[in-house]
Structures are given as structure tokens and as C-alpha cells.
Amino acid sequence: MTARMGLPFLGYGVGLRRAHFDGIFEARDRVDFVEVLVENVMGFGGRPRDVTLRAAKTWPMVLHGVALSIGSVDPLDEAYLERYASLCEATGALWASDHLCFSSAFGVEYHDLVPLPFTDEAVAHVIERTRTVQARLGVPFALENPSYYIAYDASTMSEAEFLREVLVGADCGLLLDVNNVYVNARNHGYDPRAFIDALPLERVVQIHMAGHHDDGTVIIDTHGDHVIPEVLDLYAWTLERTGPVSTLLEWDNDIPPLDVLLAENDAIRAVGERVLGACSG
Amino acid sequence: MATLRQVQALMHRVIREELPVAAGAAELGCDPGRLDIYRRFVAGHVRTALDKNFPVLMTLLGPERWGRLTRAFYAEMPPSSWELNEAARPFPGWLSEREQAGDEALVPFHVALASWEWEEFATYVHEAEIPSPDALAGPVVNPTLSILELPCPVAAFMARWVEGCRDLPLPTRDQGPEVALLWRRPDTGRVAFHQAIDDLLFAVSVAHQGLDPADAARAHGLPEEAAREAFGRAARMGLVLTPSAR
Chain A
0 MTARMGLPFL GYGVGLRRAH FDGIFEARDR VDFVEVLVEN VMGFGGRPRD
50 VTLRAAKTWP MVLHGVALSI GSVDPLDEAY LERYASLCEA TGALWASDHL
100 CFSSAFGVEY HDLVPLPFTD EAVAHVIERT RTVQARLGVP FALENPSYYI
150 AYDASTMSEA EFLREVLVGA DCGLLLDVNN VYVNARNHGY DPRAFIDALP
200 LERVVQIHMA GHHDDGTVII DTHGDHVIPE VLDLYAWTLE RTGPVSTLLE
250 WDNDIPPLDV LLAENDAIRA VGERVLGACS G
Chain Z
0 MATLRQVQAL MHRVIREELP VAAGAAELGC DPGRLDIYRR FVAGHVRTAL
50 DKNFPVLMTL LGPERWGRLT RAFYAEMPPS SWELNEAARP FPGWLSEREQ
100 AGDEALVPFH VALASWEWEE FATYVHEAEI PSPDALAGPV VNPTLSILEL
150 PCPVAAFMAR WVEGCRDLPL PTRDQGPEVA LLWRRPDTGR VAFHQAIDDL
200 LFAVSVAHQG LDPADAARAH GLPEEAAREA FGRAARMGLV LTPSAR
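These protein sequence lines are chains A and Z, in that order.
0 is the number of the first residue of the first sequence in numbering that gives the first Met the number 0; add one for each residue after it.
0 is the number of the first residue of the second sequence in numbering that gives the first Met the number 0; add one for each residue after it.
The shape of chain Z in the complex, shown without the other chains (with noise of 0.2 angstroms):
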């Protein structure tokens, strides 16, 4: 009698694919459709991971790229968290060294926007809390920001793909490197995004240091009134968080 270990050491096979469902069901004394199910299955949870954390490169690379992508993905690294979006992480560093490989599916963009859409998903569960305006006593940054740096451009492609724009031209490496910044709104809790211009790492700075604008625009060489302003619209963004009007 196959002992437990014995028995999920074969269903692992199985489900890994390293051994033939018809091989496993022999094995198990099972019906070999019946097994095939949970090889079926349990790939197919890391393909939905996988189509649910990258929705526009899904739909950029087209079905028959996509899947196998994917499939490949899914044989050289397998999940090792219980939380399923978890499988999702290590795909943009796959995905980069296959392009790097020179693997002809893939151009720098496609890398850079697997790097954006994952920093999205963890933007959004991001697990630090949003402090409420009461419970400010001066400026912060937004605890939820990622800064992102990305061998070419994405913010501005995923703002117009957000509009709705599709056949747009992919961004290419020439058009250089870009910073991007992403947080979670304190008012919505879904994911706002921008690219790191000027005037938003000035607010940022400034909440991060805490000084008052005012200040720091005296110690930049700005324009005071300049700086409340890149300041107030950093602030209306949710991007920097100000104490409640008292």
C-alpha cells in the first residue's frame, strides 16, 4: 500500500507534468481523466493569475504568444506561495531575461509594461494604511508610493490605454529611461499613476523632509508661488497627504 508521501509524491509529478497523467493514474489506481483534471486545474489557476496581473500585455502579445509564454512560465517556476497572485511576481524578471535571451515575441516594452502592471497589483494591496487628514500633523508622502524605473516609457501609453486608445505604437528604448510614480488614492483606493516630472519629486521631497514649500522653494531657487502650487496639486492628487484644515 503507497504511503501518503508516496501518493502526493506522485500526484506532484503529475500535476508538474514530469510524469504522464496515463503513467500517474496507473500508479495512483486512478482514472486517467479524472487525474488529468488536476494537472489541468492547477495550471490553469497561474494562467489566470497571470491573465488578471497583466490584462494589457495579455492583449498586446495575442493569444498564441500569450499562452506560450505562459506555459513556459508555468514549467520553469513553480508557485512556492499560498497566495496566488503571489505565482504572478517573478514574471517580469522572467520575461526579462527571455528578451534578453532574444526571444523574437518580445521587444524592451513589453518588459517594461510586465514590470508596470505588476507594481500595479501591489500598489493596490499595498499593506500600508493611508493616515486620515485628522491624524496628520504635517505633510507626508503617500505611504503606498512606488517609484518605478523602466527602460522606456509606459506612463503615457497606459494613459491613453486607460482612455481607451488602442493600436498604439509601442514605446521603444530610444525614447530613453522614465521614472514613473505609483499610489494608491486615499479617497478611492484604486491605483493613480504619473510619470516623476519635476514638480511632483519636488512635492515629494518636500513632504518627504518636511519642510514647508515655502521654504524649499527659497532653498531650490523657485518661484514661491510656483512651489504651492506643484505642491497643492501633489496634494490634490493623493500623492502627498496634508493635515486637515483646522
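For reference, chain A alone in the conformation it holds in the complex (with noise of 0.2 angstroms):
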């Protein structure tokens, strides 16, 4: 089995959706894997956690979180980090990710993911928190690339050279959402490809594949809608670089019916099959 970082390769899997919960036990030889919200679950009881629970028993399992805000210039959020851990222990996951990004700031939350400027300070503080929530969690962590719609005056660097600074700094994992590298280069005018090889590709040990909206001005990251081609050629383009990584399709609003979500992760392995020959791991 091929691993990355010391992670093993997964294969193809789906982010375990409620609106899913009663059907996705029979659809088990379809999904690889699973990844599981922790916001969706952590604090909860009753269906969230014993599905949950019953999932980590069926498939392997990762963690992901939107809410850690890695980047928040507010303390880590204790409470949170312990709920966290104990997540981590009780499903046996593998490993657990969140955005390179900040999430708060002076004790609000927004519940969305907002761009953090591109600076040597920036840097310094994230590296420092990812180390710390290394050590809470207990398990492997990975930072996704988000997706961002605004450029800050204030960036002194690339976004390439952000993340490699933060991920090599804090010795962490990328998880590499390809459609938010994709969205990204739309939104902000640079090409997705030269943004892929300028990074550190060793550390990818997850991919995210999504769908996204665009308006004609704007792409907006909504994971509401099927991985569109010129994704999935980036996907491709991306794995004969990196060779097999873990790939887990997102879809989480406007989720479609569970058939239609196997579909398309079908379709994203059927990419990554084509690319890495069908015994890929």
C-alpha cells in the first residue's frame, strides 16, 4: 500500500451526510472511505453519533473540521480541541484537517471560511497553532488550501509560497482540495497547474473533489453540484504528479440522492483509476 506522510492511500470516499444516514450502510463496496464533519457530530448524541460511530466500524474513517480557525488571532479554542480528541479516539480515526484560515476573531463566529493575509506573520502564528493542535489531537493533522474570494493589500507572498511556508514550518499534511485550487485560479487570474507544482506535493495525503457555482463573475466554492470536467482533467493532471492519494468527494448542500452521490464518486475513481491503473493501492 502506497503511503504518504506515513498515511496510508484509502481510495474513493464521500463525506457522511444525515440526509445518507439511512441508506449508506448498503451502499458499503461503492465507498472506500468516509469523512466525517466533527462539527456535525462533536457535542451531539442520538443518530449523529451512533451512525457515526457505526460508520468508523464499517469504513476507515478521517476527520474534518471548518471551525478550528487555525489562523484566529483569538487563543485556540480549548473546549473545542478536547471535544476534538475525543472524537479522534472514539472513531480510531486516521487523521483529522481543518482550513488554512480563520473562522473567528474576537469572540464571534462566522461559520464561514475567511482568507488569511499571505504574510511572514501569518506564517509564524499558524505554524505555531498547528503544532499545538498536532499534539492535542493525537492523530496525523493536514491543512486544506480554501477557497478565497478576496486578496488582501497586506499579502507580502504567493498563496504557493504561504502554504509551503505554513506546512513545511508546522510539518503537517495538505489536504489538497482540487476544486477549491481550481476556483481559486478563476476567481484570482492564475493558472491552476504552475499553482499545483509549486507545491509541497509530498505532503498531499487527502484530496477533496467538489462541485461549485459560477455566476459569470464570481465561481463560489458551494459543494451543491457535480465535479465539473475541467476539475476532474485538473484532478487527473494533479495524481500523475502525486501518485494515489486518498480522494473524498464533498457535497454538502443541495445533496443529491445517495445514488446520485455514488455516481459521481465512480466517476472521480474511475479518473483516478484511469491514472494510476486499476490497482492503484
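These aren't lab readings, by the way, just hints derived from the structure by calculation.
Mixed in with the good hints there might be a few duds.
Stretch-level coverage of chain Z by chain A, calculated; a stretch enters the list once three of its residues show a Cβ under 8 angstroms from a Cβ in chain A [claimed, not checked]:
no.	stretch
1	76 to 90
2	148 to 158
Which residues of chain Z face chain A? A partial, calculated answer using Cβ under 7 angstroms [claimed, not checked]:
no.	residue
3	0
4	4
5	6
6	7
7	27
8	28
9	34
10	36
11	40
12	41
13	67
14	123
15	124
16	236
17	237
Beta carbons are placed, not taken as given, at the ideal position from N, Cα and C, and that holds for glycine.
Assembly of the complex is requested from the two constituent chains, each provided in isolation within its own frame, with the hints serving as guidance.
As C-alpha cells, then:
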């Protein structure tokens, strides 16, 4: 089995969502692993927790968050980290991840991913906090390249340089969201392939795939539609450089019936197997 | 060059609508249209959480009143928890203050319904684990049980709403207060509810005290058969949990 930063290639998985709680277990052979959004489970009992624990016994599981706020100037939320670590232990998660951004500040939660300025100060700030998070969670931790819609005057380096500085400095994995690369490249006018080439690809431990909405002036990362062919092409191009990487389909808005989700996962798998060969694991 | 804190402070003021988007964009050096995406999205997340947690109330109030109330709530009550649904927790209390302050869009039933709908969600995700019958030595109260005191009746209204009835008259305070029971069913994981009638309260009391229904019946001066029937009904509803027959 191919390992990246010591983590195994899990194949092609989907995000576990409440809409599919009833049917997902009957599709166990079409899903290689699942990813759970930690904020959908932490602090919850009942079905969300029961289904998550059952899924953890059914598939390899990884955890993903949206509220860590790794770049915030507020202190890390100790209670959040405690719950996150408990969930890692309860599910036997292979790794955990969140986004390179801030999602809260000055005591207020935004529940959205707000970009950081690409500066040395932000790099140092995130590195220190990422090391703390890695130590607290007890499982390997990866940061995701988020989608973003604005560029700050304060930035002093490129997005790819910023990512590289943080990942190498914190010695953590990269969750490469290929759709986000496409969205950002279109919104900010850069070459997505050159961007990927500039990343420390040896640190890619997982890939995210998703759909987006193009309103003609800006592309919004909605996770609410099919993955477009251009993103599948970019995914293939990425795999040619990385080799096998655990790949996960995210679909969070306008969530389709399970069969549509599974067909989308099959389409991603077909691309992966075409590039890597059917026995890439 | 702006520091990390200065950038986040500017973003915060724009997102919280304390600084006009155009002014924030000029200071941050970014496109105002793009910056506005964040202001809209952050407000939209809270609005979505309210829509999701109070669907019946939203329907009853209609888009105009609901939109006005949710915008005011977002402005006054910034979310402080990473869990998005928690943003909705203060809404019933906030709504109550508005109603008592004379907001003409609201009547006491709206406030009672908001409390109910929040409690339904809280019960659905209650952290308590419901023990399996095999793990029980004797009857116990369902640990997810919530006892809700309301200023006017909601349970009967909700029962009819769930059946698909609309255009129902809104209960009023004149109809008196109500105590309602909400709990998570052990078999489906879904939330059940009922008005706190005497039979159910008796069964809860018996299970809570670990009594035999027949002994409790004698203590309360009730017919034993009626006591057993009340207890059995509560057990079938999942309100009280009983051990497996061995």
C-alpha cells in the first residue's frame, strides 16, 4: 500500500451526511472510506453519533473540521480541541484536517472560511498553533487550501508560497482541494497547474473534490453540484504528479439522493484508476 | 503593512456590519463586491440555522416578519459557539423579550413554539445514551426526556401540524399553560412528544423512583390495572425503558 507522510492510500470516499444516514450502509462496497465533519457530531448524541460510530466500524474514517480557526488571533478553543481529540479516539480516525484560514475572531464565530493575509506573521502564527493542534489531537493533522474570494493588500507572498511555508514549518500534511484550486485560479486569474506545481506535493495526504457555482463574475465554492470536467482533468493532472492519494467527494448543499452521490464517486474513481491503474492501492 | 490582527479586525467589522463594505474594501485593498460575499455568507449561515431549527414558526410568521426578526436577531446576538445550531439557542429567549416589549408581529404562542422547536432539536441530539433493554436491571426514565413548561398549549397544535393540518387557529394564553414531554425514541432515534398527562407523569414517577407499578398504584390509591396500563403505555412510547424479558 502506498503511504504519504506515513498515511495509507484509502481509495475513493464520500463525506458522511445526515441525508444519507438511512442508505449509506447498504452501499458499503462503493465507498472506500468516509469523512465526517466534526462539527456535525461533536456534542451530539442520538443518531448523528450512533451513525458515525457505526460508520467508523464499517469504513476507514478521517475527520474534517471547519471551525478550528487555525489562523485566528483569538486563543485556540480548548473545549473544542478536547472534544475533537475525544472524537478522534472514539472513531479511530486515521487523520484529521481543517482549513488554512480563520473562521472566528474577537469572540464571534463566522461559520465561514475567511482568508488570511499571506504574510510572514501569519505563517509564524499558524505554524505555532498547528503544532499545538497536532499534539492535542493525537492523530496526524492536515491543512486544506481553502477557496477565497478576496486578496489583501497586506499579503507579501503568493498563496502557494504561503501554503508551503506553513506546511513545512508546521511539518503537517496538505489536504489538497482540487476544486478550490480551480475556483481560486479562476477567481484570482492564475494558472492552476503552475499553482499545484509550486506546492510541496510530497505532503498531500488527501484530496477533496466538489462542485461549485459559476455566476459569470465569480465562482462560489458551494459543494452543491457535480464536479465539472475541468476539475476532473485537474485532478488527473495532479495524480500524475503525486501518485495515489486518498480522494474524497464533498457534497454539502442541495445534497442529492445517495445513488447520485455514489455515481459521482464512481466517476472520480474512474479518473483515478485511469491515471494510476486499477490496482493503485 | 497591516498586521494579522488589523486585517482580522477590519474583516470582523465588515462581517458584523459595523463598517460599510466599501470602506472595508478600501482599507483592505480588495474588491468590495467580493468582500461583500463574506458579509452575506456569515449572516446567511445564522439565518439558515434559524430556518432549520424553527421551521414551523418560520412558516407561521411568513417571509416578511421572519426575515425582519432573523435580521434583528443576527445583529443583536452574534454567534459565539463553533456549533452552528448553537447560534439558534438564544432565539426563543430573545423572541420572548421582543414579545413582552410589544412587538406586534408576535403573540405568546410564537414564543412557546420557538421554545418547543429548539427543545425538539436539543432532544434529537441529546448526548445521553439510551440504554438497551439488556443493560437494564429495572425500569428507568428515558434519559433524553425533556419536560417543557409552556405559557400556552403547543403539543396538540404540533400533533395536528405533523399530520399535515395547516390553517390551524393559534392557541392563546387564555387556554392555560402546558407541560409537555419530549424524548428521543429508542427504536427510531426520532423525537416523540406528548402533553404531560397524569398517566404519563405517573409512569415517569414510578420509573424514576424504581417502584413496581402495583406498589405505586397502592401508594397513590389507584387501581392496579390502570397503573399497569399507564406504565405499559409509557414503555411502548419509549418514555420509560424496561428490561428485556428474561
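Do the hints match the structure? See the list:
By the rule of at least three residues with a Cβ nearer than 8 angstroms to a Cβ of chain A, the coverage given for the stretch 76 to 90 of chain Z holds, with 8 such residues. Here the stretch 148 to 158 of chain Z counts 0 residues with a CB under 8 angstroms from a CB of chain A, which misses the bar of 3, and the coverage is violated. A cut of 7 angstroms between beta carbons decides the hint on residue 0 (chain Z): the least distance to chain A is about 6 angstroms, and the hint holds. This hint holds: residue 4 (chain Z) has a C-beta 5 angstroms from the nearest C-beta of chain A, less than the 7 angstroms allowed.
The restraint placing residue 6 (chain Z) at the interface with chain A holds, with a minimum CB-CB distance near 5 angstroms, inside the 7 angstroms limit. Hint on residue 7 (chain Z) holds. Least Cβ distance to chain A is approximately 5 angstroms, under the 7 angstroms limit. The interface hint given for residue 27 (chain Z) is met, as the beta carbon of that residue sits about 5 angstroms from the closest beta carbon of chain A, less than 7 angstroms. With its C-beta approaching chain A no nearer than about 3 angstroms, residue 28 (chain Z) sits inside the 7 angstroms limit, and its interface hint holds.
With a cut of 7 angstroms, the hint placing residue 34 (chain Z) at the interface with chain A holds, because the nearest CB-to-CB distance is about 5 angstroms. Hint status for residue 36 (chain Z) relative to chain A: holds, with the closest Cβ pair at about 5 angstroms, below 7 angstroms. Hint status for residue 40 (chain Z): holds, given a least beta-carbon distance of 5 angstroms to chain A, under 7 angstroms. At about 5 angstroms, the closest approach between the beta carbon of residue 41 (chain Z) and any beta carbon in chain A falls short of 7 angstroms, and the interface hint on this residue holds.
With a cut of 7 angstroms, the hint placing residue 67 (chain Z) at the interface with chain A is violated, because the nearest CB-to-CB distance is about 22 angstroms. Look at residue 123 (chain Z): its Cβ gets to within about 6 angstroms of chain A, closer than 7 angstroms, so that hint holds up. About 4 angstroms separates the beta-carbon of residue 124 (chain Z) from the nearest beta-carbon of chain A, less than 7 angstroms, and the hint is met. Annotation: residue 236 (chain Z) was flagged as interfacial toward chain A, and the flag is violated, the nearest CB pair being 17 angstroms apart, outside 7 angstroms.
Because the beta carbon of residue 237 (chain Z) sits about 13 angstroms from the nearest beta carbon in chain A, more than 7 angstroms, this interface hint is broken.
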